[in-house]
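Chemist: Sequence:
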Amino acid sequence: MTSIKRNFTYYNLQLSNARKSYFSDIITKNSHNAQALFNIVDRLTKPPVSVAPELYSTKACNDFAKFFRDKIINIRQTIVSPTTSSGYEPYPLETSINPMAQFQPINSKELQDILCQLNSSSCCLDILPTSFFKKVSKILEPALLQIVNLSLTSGVFPEPLKTAVIKPLLKKDSLDKTQMNNYRPISNLPFLSKIIEKAVFHQLNEFLINNNCYDVFQSGFRQNHSTETALTKVTNDIRLNTDSGNMSVLVLLDLSAAFDTVDHAILLRRLENWVGLTGPVLNWFKTYLENRKYFVSIGNFTSEPIEITCGVPQGSILGPLLFNIYMLPLAQVIKNNNISYHSYADDTQIYIRLTPGDRGPVQALGKCIEDINDWMCHNLLQLNKNKTEVIVFGAKEKRLDVTTELQSIQLKTTNQARNLGVVIDTDLNFDKHIKAVTKSAYYHLKNISRIKDLMSKQDLEKLVHAFIFSRLDYCNSVFTGLPKKSIRKLQLIQNSAARVLTRTKKVDHISPVLRSLHWLPVCQRIDFKVLLLVYKALNGLAPKYMTDLLTQYVPARPLRSSGSGLLSVPRVRTKHGEAAFSFYAPQIWNRLPENLRSAETLSVFKSRLKTHLFSADSINMYSKVYVHTVYLCLF
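UniProt numbering puts the first residue of the sequence shown at 1, with every later residue one more than the last.
Please note: incorrect hints may appear among the correct ones.
Said to hold, decoys possible - Have a look at the derived ranges for each label pair, beta carbon to beta carbon:
| # | residue 1 | residue 2 | range |
| --- | --- | --- | --- |
| 1 | T611 | F67 | 33 to 43 Å |
| 2 | K71 | L13 | 50 to 60 Å |
| 3 | K71 | E159 | 22 to 32 Å |
| 4 | S568 | K172 | 47 to 57 Å |
| 5 | P280 | N539 | 30 to 40 Å |
| 6 | N539 | D70 | 44 to 54 Å |
| 7 | S568 | Q410 | 54 to 64 Å |
Claimed, not checked - Below, in silico cross-link-like pairs of lysine-lysine (DSS-like), each with a Cα-Cα straight-line distance of 27 Å or less:
| # | residue 1 | residue 2 |
| --- | --- | --- |
| 8 | K134 | K177 |
| 9 | K432 | K412 |
| 10 | K66 | K167 |
Source of the hints: derived by calculation from the structure; they are not laboratory data.
Being a predicted model, the structure only gives us computed values, none of them experimental.
Ideal placement from N, C-alpha and C gives every residue a C-beta, glycine not left out.
Let the hints inform the model, and build the full structure from the sequences given.
Modeler: Okay, here's the thing in structure tokens:
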């Protein structure tokens with residue numbers, strides 16, 4: 001009996017180790033793939049969600065294919081008129097100084113770099129699984145180079161790579177699985193298609209940068225740009241407006257299926273006239289867009305192919321970039337109305353400053369929205385006015401007057417709205433956002449806790465970073481100046497994550513645990529992000545609009561080396577001004593030691609900064625800064 005127990009114990013131990021090894025391998029391979037990690041946790045904590053059983057049929061696949069097609073057709077039909085089908089340009093066309101007529105062939109190193117950059121997700125249209133494809137890429141390299149370079153030099157995109165496979169994905173678990181409008185189409189393309197697209201993307205992106213073709217305030221899908229830089233810029237402007245006694249009005253524009261309604265003829269003209277593509281390069285994009293098809297796949301069933309007549313290819317490498325190019329003239333439409341704006345792909349926000357007694361900007365805002373709507377119609381895009389949201393910022397006693405004025409131009413205001421993943425409110429205290437983050441983080445932490453016995457501590461920590469810290473740190477640079485009670489709510493999430501990871505009891509003190517994990521507290525994670533943005537802005541690693549928020553300090557007389565790299569701190573009057581990035585960032589930047597401010601590389605700066613924030617002197621110093629900020633926020 002003892003032998004049986006010993007063998008049974010050994011069996012369970014080996015089974016547990018094998019299970020941990022299996023999940024560890026998956027987590028390591030997908031450490032930068034949030035969706036894959038989400039699927040792992042989801043699979044372990046609840047039964048899989050799929051389409052309704054009755055939808056597993058060829059008929060259902062065909063119905064889905066037609067449904068997705070008809071949805072786009074219906075949207076376009078509501079905006080097409082005799083004057084819009086020509087792709088009318090309301091503003092003068094701009095041309096690039098140096099037209100791009102020919103792609104350059106890529107070499108072996110560039111091909112291998114492309115393969116490393118692409119993730120390993122496979123498509124059912126692939127001849128080989130992507131992971132295996134990458135392993136044997138050296139053997140396939142001559143053939144791959146020939147295929148890619150033939151496409152680049154001939155100006156023709158291969159016909160067999162134009163078909164996409166679409167899998168319907170239920171939007172929410174609670175929705176009716178039998179209703180097709182509760183599903184979103186998830187498109188996937190052959191891996192070889194993505195290789196060619198990536199080669200084109202690199203060359204086109206470099207051309208756009210060198211010729212200043214990008215809109216300065218378009219942050220979507222651009223290197224060194226992000227939702228965080230976009231939100232930091234907008235909230236900074238609003239906070240400074242409030243600090244100077246002015247009001248701000250922010251309008252969040254909503255587009256209906258914008259990527260899917262892009263007109264190919266208009267896009268090609270934009271590539272030619274606004275960007276400067278000619279010859280084989282322009283022809284490559286023409287062949288890239290034409291004769292595209294998709295079919296729907298559910299289980300082992302597929303639909304008949306459906307022709308795609310509009311839109312940028314979903315699931316593609318070039319789709320987001322082409323959409324940015326398509327939207328280039330919109331910036332001129334807004335600028336002509338002297339309105340501030342910012343865009344992230346199809347999310348466009350416009351905002352104005354209102355000085356006391358001046359209502360002219362409100363009328364200009366109304367005209368700008370009408371001009372935007374006209375431009376959208378001319379370019380076969382649909383502005384959804386019913387879902388467009390308007391928020392008023394500034395002194396509470398003045399908001400009612402502004403709200404009434406906005407109603408005169410048919411704009412309804414709201415007290416809060418989701419903007420690039422962050423719930424913003426009229427007071428910019430982010431209470432609703434913090435509440436949403438708390439709810440989501442605890443939900444995922446509960447699921448992680450349920451599977452902690454199936455994984456090693458190292459793998460659990462990866463999941464914590466993917467599911468918890470990704471939420472705590474998302475756009476946290478806009479949390480400067482928040483009251484202590486708000487930061488406390490976020491800190492409790494981090495504390496709970498530390499307890500789950502280390503199996504620490506609730507009665508045990510958490511500070512030593514956080515130090516042992518080398519986790520910065522939430523307040524210092526905010527400072528870490530702000531300082532990181534400053535370093536990037538000063539070293540050419542951030543958008544120009546971020547660099548413009550900072551001013552180098554020029555002393556009246558030469559300083560010692562310890563005084564180099566300082567920033568000017570602007571004058572502000574209120575807590576709103578002190579929370580603005582352009583004030584708060586220079587304040588804490590100037591407190592850093594000179595050897596940290598002058599770090600040679602970003603990685604060196606991040607390493608030194610984390611060490612600095614962990615030091616006892618630094619913690620005391622930053623505590624004083626936060627106590628002062630909290631006091632101002634509370635009183």
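Chemist: All the hints need checking, so say for each whether the structure fits it.
Modeler: Consistency of the hints with the structure:
Between T611 and F67 the beta carbon distance is about 56 Å. The supplied range of 33 to 43 Å is therefore violated. The hint said 50 to 60 Å for the Cβ distance between K71 and L13, and at roughly 54 Å that hint holds. Between K71 and E159 the C-beta distance comes to about 26 Å, which sits within the given range of 22 to 32 Å. The supplied range of 47 to 57 Å is met by S568 and K172, whose beta-carbon atoms lie about 49 Å from each other.
Taking the beta carbon of each, P280 and N539 are about 37 Å apart, inside 30 to 40 Å as hinted. The hint said 44 to 54 Å for the Cβ distance between N539 and D70, and at roughly 50 Å that hint holds. At roughly 43 Å, the beta-carbon separation of S568 and Q410 lies outside the given 54 to 64 Å, and the hint is violated. For the hint linking K134 to K177, the alpha-carbon distance of about 37 Å lies beyond 27 Å, and the restraint is violated.
Between K432 and K412, the direct Cα distance comes to roughly 20 Å. Compliance with the 27 Å bound is thereby established for this hinted pair. Straight-line distance between C-alpha atoms of K66 and K167 comes to about 13 Å, which keeps the hinted pair within the 27 Å bound.
Violated hints for the displayed structure, listed by number in ascending order: 1, 7, 8.
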